[in-house]
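Please work from the sequences and hints to get the whole structure.
Under this note's numbering, the first residue of the sequence shown is numbered 177, with each subsequent residue one higher.
These are calculated hints, taken from the structure and not from any lab test.
Ideal Cβ placement from N, Cα and C applies to all residues, glycine included.
Among the clues, some could well be false.
[Claimed, not checked] Taking CB as the label site, the calculated pair distances span: (1) Y1145 <-> K1287: 38 to 44 Å; (2) R342 <-> E207: 37 to 43 Å; (3) M354 <-> E234: 43 to 49 Å.
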Amino acid sequence: MLNPNEEEENTEEISMATTLDLKPPPPFDAEGDNSSLAQRWKEWRERFNMYTVAANIEDDAQKCAVLLYVAGPSVHKIFKTLQDTGTDFKTALEKLDEYFQPQKNVIYERYVFKQTHPTPGESVDSYITRLRTLAETCEFESAENEIRDQFVMTCSSHGFHTKLLRETDLTLAKLITMARVKELAEKQALNISGHNSWNNVNRVKDEGNDEAKDKVRHAKYVPEPHKQNKCRNCGNEFKQGHKEVCPAKGKTCRACGKLNHFARVCRSRKNPPKDSKKDSRESVRVAQQQTQKQSPPNSSDDEYTFAVSSSKITNIQIQINGTPIAVAIDSGATTNILDSEAFACIRKRNKHVQLEPTQTNIYAYNAVQPLPLLGKCHLTVESNGKRTISTFYVVNGKAGSLLGNETAAELGILKIKVKEVSKFHSMKTTGSRGRNEINTGSHSNGSDANSQSDSGNREIRDRNSLKNIDINTQKILDKFPELSDGIGCLQNYEQSLHVDRTVTPIAQRPRRVPFHLRKQVSDKLEELQSLDIIEPAEGPTSWVSPIVAAPKPHNSDEIRLCGDYRRPNQALLRERHPIPTVDELMEEMSGAVVFSKLDLKAGYHQIVLEENSRNITTFCTHKGLFRYKRLPFGLSCASEVFQNAIQQALQGLNGVRNIADDIIVWDKTQAQHDKNLEALLQRLVINKLTLNLEKSRFNQPSLWFYGYILSKDGLSADPKKVEAIKNFKTPADASQLRGFLGLANYCSRFIKDFSTLTAPLRELTTKSCKSMVLSHSVPKSLTLDEIRTATLNDPELQSVTSAVKEERWNKTDSRLSQYRNQHEQLTVSECGVILRNSQIVIPKSLRSRVLSIAHEGHQGIVKTKMLVRSKVWWPGVDKQVEQTVKECIPCQAAVHQSPKCQPPLNMTKLPPHPWHTFNADFCGPFQNGEKLLVVIDAYSRYPEVEVMQSTTTTVVISKLQRIFARHGYPEELITDNGPPFNAVEFTEYLSARGVHHRRITPYWPQANCEAERFMKTVTKAIRTAHSEGKRWQSELDLFLLNYRSTPHSTTHTSPAELLFNRSIRNKLPSFSSLQHGDGPEEHRVVRDKEENEKMKVHADRNNNAKESQLKVGDYVLMQVPKDNKLSMSFNPKPFQVIEIKGNMVTARNTERIRNVSFFKCLTNYKNASEEDQNDEEEEFDDDSNQQ
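Given below as structure tokens:
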């Protein structure tokens, strides 16, 4: 029995526990972040120990039961799987410690310690406490020194950091004292200066339709009073020499936009513009947020955000580090923002997430003060199956979170188009009145927040609304939203792999993964595990294969993870299921006009492998062994078993077939096609298969399918494949030729007699064919054995050999006469080859071959002669070399005619009377793009000039009509071959007025000499006016007046007098009674003829003119314009002369008319055939319609 005192004490303890009403700690989260599991368990166990002491729980069995009950069901479930747990509290706690606190990695713990930084606003004591907690698991030799060093290294204050480094005997205790003093002093100074006021920063508030409240309110800036020791440009302390190093120098004020000062000291700051819209239903309200200490004012690392908080803004829910967070989407924001409340939610599940200090300034729309940032962090964002890592800035308060344009675009949430921002509706959206729209007031300039303007509206669309999906197909797809949900799994089907047990299993050595790809491989493995495609391999395994990690060609940040299953494939027994061909499908699709192609997402991975068939797929990585739960790529039997599985799943559907993971749908009408498509989609949903809609194509009149184009016309070749064949490099050996034949074989079904056409090429690939001669024949090099053999078979050289050896020359033998003159230089070598000094005498049978070899590279006559003479000789070698080079068409086409051979001039006769014949041409363009239409009378040389803004046929006709209105219609018009003069409309205009139109020889402007010569004169006048700074259009009239009144050098009479039969008055004085004509008409004709004859003699002498020797039937090369350095001077394709009219030659057909100087005659050309004469010109055909 208890004595009264003990009973009284127990009563007090029980009453104390009852009075305290203690609540146990919350259940332990055993399924949270694994990286902080040990630390969280340690903290929870300490709280539990305090609870048992405070609750006076001393019984061992009772403490064990309370431990498992309070820890929660997840811990209890784990505890049941542990062995040798016993029944007492101590043993149970030890087993749980072993489970939750595995052997720690000291290196990683120290890494976490070194990465720790103080968060903005965190006190000194709080930061030191965090460092002490982290140091407990780091096993430092001196934890105090490590904490001291980490504090100094992460100190954000430059001045205090410098002060700490100056201390020679700095201890942790001294550091804490100094830091506390600094922290307390800063708080007191802040309170004194009054910088803890509240500012209004971009808050949105609904205030009804009250016009007085519907305005934008902004915080007014009140500059500090100017002090003598403060710089008036930057606000910092002004010292000697500060002007040269002032940080505001060259910077732009955010308040007034002027240079060389900051907004905080601006003395001419303007009030921000107010919203003048009176009928706006939603006005901008400004959230009151405490302004933190500002970043350096000259920071250039500024970001901008617009709609931070609005009751009208649509929010969506995304996963940030595994935590669902509602965010607003803003296409105008350049950064991502989390409020402190959202960041706290993320920290609950991710204790390792720490804020980093930042110097970045983030400004709300039209705001001057930056948002109060607590720091930044890098978080994993996931939405709609897409994942990315982005930087988030944490803002103090509860204003809401915001996702910037870049991150939203990476996640596929935003599609930025012209005047449109599309957002997928598959995400959960929340917004007032259930409106599926987002209005960005930042872009509307004060317009109605609910306005449907293109620049402010973001239409929410279905994720499947792709460019290749029409409205009717979209409606069908909307009935089956499950089709795009992840990677499917074929219902009630497991694939078995048949393994040949006689093949010895092989466990291959792992293939090292490059260090820079390890993180990507780890992420890929985690992704495949989360999708239930692979699983860790447990227990003994006889088959192990290495992996190959290759970056994707179009996105180096992603990789392809492939298993090297070459060894396991040797043991796999194939089922040999047939795979249909395109030809078989075409028989079924006869008459189809509408096609769709659907792509199964990650095709093979939608087939589950049997449990017993998974070990052969085991592969090794730096993270351990894994095996596939789904059918992997790389197995030899994968394609046929997958084809069979999908084919069985689609059995019985009309107008539907598949080849591997591509399913094609077709029919003869649109309605029937849509019916087949809907039936297919329903079957896919029943079998739990999913599609990759981005690669699928719907309702197409023609469709690319396995290398061919399917259409209502049947099967046709893929243009890309045809282009590849056309651009194939000329094969240089048998291997390259086989490659070309393999590529060309793709089009064999579309080429008649393909086998016959390619037979010669196939023959070249056989072993019996020792050499290949492709494209152009190349002469083979000569050997002494060939020359000796040819010499023995040459009767002429045998006679020479006998004569040289016997030193007797038969003077009656005509064959030896050419050698007899060289007999002193001729010898016979031991091998039977005749030498002329050191030159080899070539037999007749090899001379043409020697010339071909010597002319390789197409050297000229002199160089080719020198090359031949240096090695070989035979009688008449120089003439044969010269003839060979002259007959070489590529050489003739590439060489200029220097000097150019021109025919003698054919002078034009003077027309019978004025305005009978006139010449026309264009002059210019000039500086402003204008041209001149020059019309000059061939009899009087009277010019008419019209300024042209355009040279179209219509404009030219209108200008000529004005000239004809003054002088009447001529009988003949001479022009070049420019586009306006070649138009049908121009020809019809002249024909209707009885004017004969004669076009000169193309590329021979001398035939239009009157107009060409006058253009030089008028161009000089315009150039002179421009140099004097005068308006040349006005000076042109003065020039024409003087030109028309000046006697012409040929006629010795002014053009105006010849045309009008009177002289015109200019500024020069004249005495009319003394002026008289220049004689009768006959005198002018004679004078013109005499002047023309003088001109002809002079021109022919200077041009070294000669009469052309061309005859009808000759083969010639035609000169063509040069476009670049590789352009030929002459077309290498020979022409045949069919007509000669004066100096105008027609070659091949009437369209190839040129002056005789444009042709080079080919001598001894005998290879032209009738087929060559009828061939059309290709790249060397020049446009005769050019001027």
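- Query: Out of the numbered hints, which ones does the structure contradict?
  - Reply: The structure conflicts with hint 2 only, although it agrees with all the remaining ones.
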